[in-house]
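Chain P: place on chain U using the hints.
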Amino acid sequence: MIMNFNTAALLAIACWTIGALLSLFARRTPSLKIPAFVISFSGALVMAAFIAFYWSLLDRPPLRTLGETRLWYAALIPLVGFLVEYRWKIEWLKFYCMGLATFFLVINMLHPEVFDKTLMPALQSPWFIPHVIVYLVGYVLLAASSVTALHNVYMQVRHKGNDAGEAVSHYLALLGFVLLSFGLIFGALWAKEAWGHYWTWDPKETWAFLSWLAYLGYLHAFRYKIDSSKLQWYLALAFVVLLVCWFGVNYLPSAQNSVHTYTQS
Amino acid sequence: MAVVRRRWFQTPWEFKESVLFTAAAVVAGFLIELATSGSGLALPRLPVNAIALSLFATLVLSIGLGFRNTPVVEWFGGIPLGLSLIFAIALLSLIGGIVPQGAVSSGSLAAQSGINHIFSSWPFALTIILFLANLGLSLSWKLVPFKMKNIQFILFHAGFWIALSCGIFGSSDLQRLIVPIEEGKASNLGYTMESDTPQHLPFSVFLHDFSLEEYPPQLLLYDPHSDKLLMNKSQAIIEVRKGATASWMGLEVLVLDYIPFALPGQKGIPQPADRSTGIPYAKIRISAGSVQRETWISTGSPVLKPDAAALGNLFLILVPGTPKSFRSAVTVQDNQSHEVMANLEVNKPVTFMDWKLYQMGYDEKAGRWSKLSLVEVIRDPWLPAVYLGFFMIMAGNILFFWNGIKRTESAS
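Residue numbers (the numbering used here), protein chains in the order written: chain U, 1 to 265; chain P, 1 to 412.
To be clear, the hints were calculated from the coordinates, so they are not data collected in a lab.
Hints are not guaranteed to be accurate.
Said to hold, decoys possible - Per the computed footprint, the stretches of chain P lying under chain U, defined by three or more beta-carbons under 8 Å from a beta-carbon of chain U, are: (1) 27-40; (2) 269-283.
To be verified - No more than 25 Å apart at the CA atoms, straight line, and that leaves these computed lysine-lysine pairs for BS3-like: (3) P/Lys228 x U/Lys117; (4) U/Lys230 x P/Lys16; (5) U/Lys117 x P/Lys283; (6) P/Lys233 x U/Lys117; (7) P/Lys242 x U/Lys117; (8) P/Lys348 x U/Lys117; (9) P/Lys142 x U/Lys225; (10) P/Lys142 x U/Lys117; (11) U/Lys117 x P/Lys324; (12) U/Lys225 x P/Lys147; (13) P/Lys16 x U/Lys225; (14) P/Lys149 x U/Lys225.
Where is the CB? At the ideal position from N, CA and C, for every residue including glycine.
With the rest of the complex left out, here is chain U (with noise of 0.2 Å):
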C-alpha cells in the first residue's frame, strides 16, 4: 500500500468527520441534512474508488490479506449505517460506523503492507471473490449489529425504553446469519475443487462454523422468545467469536498449517 492510500484514506475520513459533524448540526438547523449525507456518504466512494483503482493496479482483487479487506470494511460499513437509518430512521448507527470504518483506515495507515501482485493458484478460482465478498458483508453487517446491541445495552442500563434498536440489531443478526451460511457453503464447494474435500476442520473452517453456531443459538434463542434485553448482551459479545475467527485464528497454536492465515507480509 503506497502513497495513494494515505491520500484516500485521510481524504475518507475527512469526510466522515465534516459529514458527523454538519448531521449534528443538522438537528437544529434541518436544512444541513442532505449535505451532511452527501459528504459522509462520499466517504465511502472514495474509498470504493480507491479499491477500484488498487484492483487495477494489483491485476487481482485487493481480498488477499488483511489489511486489503479492511479496505473492505471501511469502505461497506458506513453504508450499513446509511441504510439502517434510511431503512429505521435511527440515526445514533451511522456515527458508530463511520468510526469503526476510520479506525481500519488507521491501523493501515500504520502498518504500511507489502505491495506484492501476486496470488496463489489456490486463490485463483472463480469462488475467491463471491467467497469473501458474502463473508466480508456477512461480517459487517454483525459488526453493526453487535454495535447496535452494544448500545442497546446502554439503553437498558440508563432505563430507556429502546424497542426500534432491538428490532435493528436482530434483523442485522438474522441478515448477517445468512451471509455467513453462504459464505460457509461457497467455502466448501470451493475446498472440495481446490483441496480435494469440503470440510477437514482447518482452524479458519472450525472458526468460521462456531461463529455461525454462535448465531444459529441466538436465533433459536429468539424464536423461544427469551427477553429480547438479555438477547443484545449475547449479540455484543457473539462478535468476538467473529473477531477471533477474522483474524485472531492466526495467533492460535492450532493454526500452524492452516490454509486460511493470510499473509503476513
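For chain P alone, coordinates are given in the frame of chain U:
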C-alpha cells in the same frame, strides 16, 4: 420466561434439564474416551453405515410421529435441548479450534482424553447423535402434516440434517490417496498421509509432462550478516521487467533489460535460450551517489550458479517469482480400457469413473524443473448427499432472508 419457580424435573422440562442432560452426555463421552485410551470412534463403512443411518432416521421419525404428545419426546425435540446441544458442539469445536489436532504423541493426556482428535472423539460423536435426534424430531413435526408455510423450516433443517449426518456417517468411506508420478512414467500406487505402504488403485496415471509457470522474478537487496532482505522505499515487491526501478537508502536501481529465459554467453552477456533450460537474467544499472555501474544478474537454477551484484556488504539478488500456475498432462486408464487424457491443475480437478484427480504438488526444491508431480486421487461416495444438504440449506436461507424482509416491512 417462566416467572414461577419450577422444580427440577417438573414437567414441562426446560433449560435446566437440557443442560444437565447435555453435560452428562459430554462427560460420558470423555469417560469412554479415557477408558479406551483415546482410541476415538471407528465408523463402519458402506453398506453398514448407510443401513445404520437409515435405521436411525426411521427410528427418529417414527418416535417423533408416534409419540409427539409425550412430554419427554416433546422436550427431546424442543429448542431448549437443541440450544444446549448447539452450545455443546460449539464448546467441543472450540477445543478443536484451539488445541492443535493430531499433533501430540499418543501417550499424552491430550491424546488419551481425545482433545487432540476431538472431531472423531466419543464426546463429539454422542453430542452429534443427540443433536441429530433433536433436529430430526422437530423436523418430523413440521413435515407431517405438510404445510407450505413450513417450507423454509423444512429446507434449512432437513438440509442441515442431511449434510451433517451424511458428512459424518460417510467420512469412513472417504478415500484420499497421493500418487507420486515421474515424467514419462505411470503409477497406480497411492499413499495415505499416515502410512508408507502404498495401496493399489483401480486405474493408473501416466505423466506426460509437468510444467510450472512463475510470476516474474523479484529484485531484492540481501544482507548476509543479518540474513535479512532489506525492504525498499516504496514497500513494494519489485517485479522485474524492462524499465522497472527500485530504490533503497542511497541506492537507485534501474532494470535496463530483462530476458525471461537465457543461458550464460560470451563475455558475460547472456543469450536467449529455450524455456526448458533458460533462466531469468536482468541487466541493471546501479547508481550510488555519483558512481554508476551496469551488470547482469540472474536467479540461477539447480545446475547454474546465480549471479548477484555485490554492493559493499550487501548483495542485489534476483529471486525466482512465486508459482503462478502448475499443471500435469496425464493419461488415466483402467483395465477395462476406459481412458482419459487431461490437464490437471490447481482448482481444476478431473473426474475419472467415481474418482476425482487433483494437482496437488511437485518437487519444490526443483521448482520449475521438477520432473515429479504429486496427484491426489479422491473418492467420496457420499458427496451428492452432502451437496443436496448444502443446496437445501441455501434455499432455506434465501427464504429466511426474504421472509425476514417481509416481516420487518409489515412491522414498520
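Against the structure, the hints:
1. 27-40: Result for this restraint: violated, n = 0.
2. 269-283: violated (count 0)
3. P/Lys228 x U/Lys117: With Cα atoms ~22 Å apart, lysine 228 of chain P and lysine 117 of chain U stay inside 25 Å; holds.
4. U/Lys230 x P/Lys16: holds (18 Å)
5. U/Lys117 x P/Lys283: holds (22 Å)
6. P/Lys233 x U/Lys117: Given that 25 Å is the threshold and the Cα spacing comes to 17 Å, the pair holds.
7. P/Lys242 x U/Lys117: holds (17 Å)
8. P/Lys348 x U/Lys117: OK: lysine 348 of chain P and lysine 117 of chain U at ~22 Å, within 25 Å.
9. P/Lys142 x U/Lys225: With Cα atoms ~19 Å apart, lysine 142 of chain P and lysine 225 of chain U stay inside 25 Å; holds.
10. P/Lys142 x U/Lys117: Status violated; Cα separation ~52 Å.
11. U/Lys117 x P/Lys324: With Cα atoms ~11 Å apart, lysine 117 of chain U and lysine 324 of chain P stay inside 25 Å; holds.
12. U/Lys225 x P/Lys147: holds (23 Å)
13. P/Lys16 x U/Lys225: Within the cut-off at roughly 17 Å; holds.
14. P/Lys149 x U/Lys225: Distance ~20 Å between lysine 149 of chain P and lysine 225 of chain U Cα, so the pair holds.
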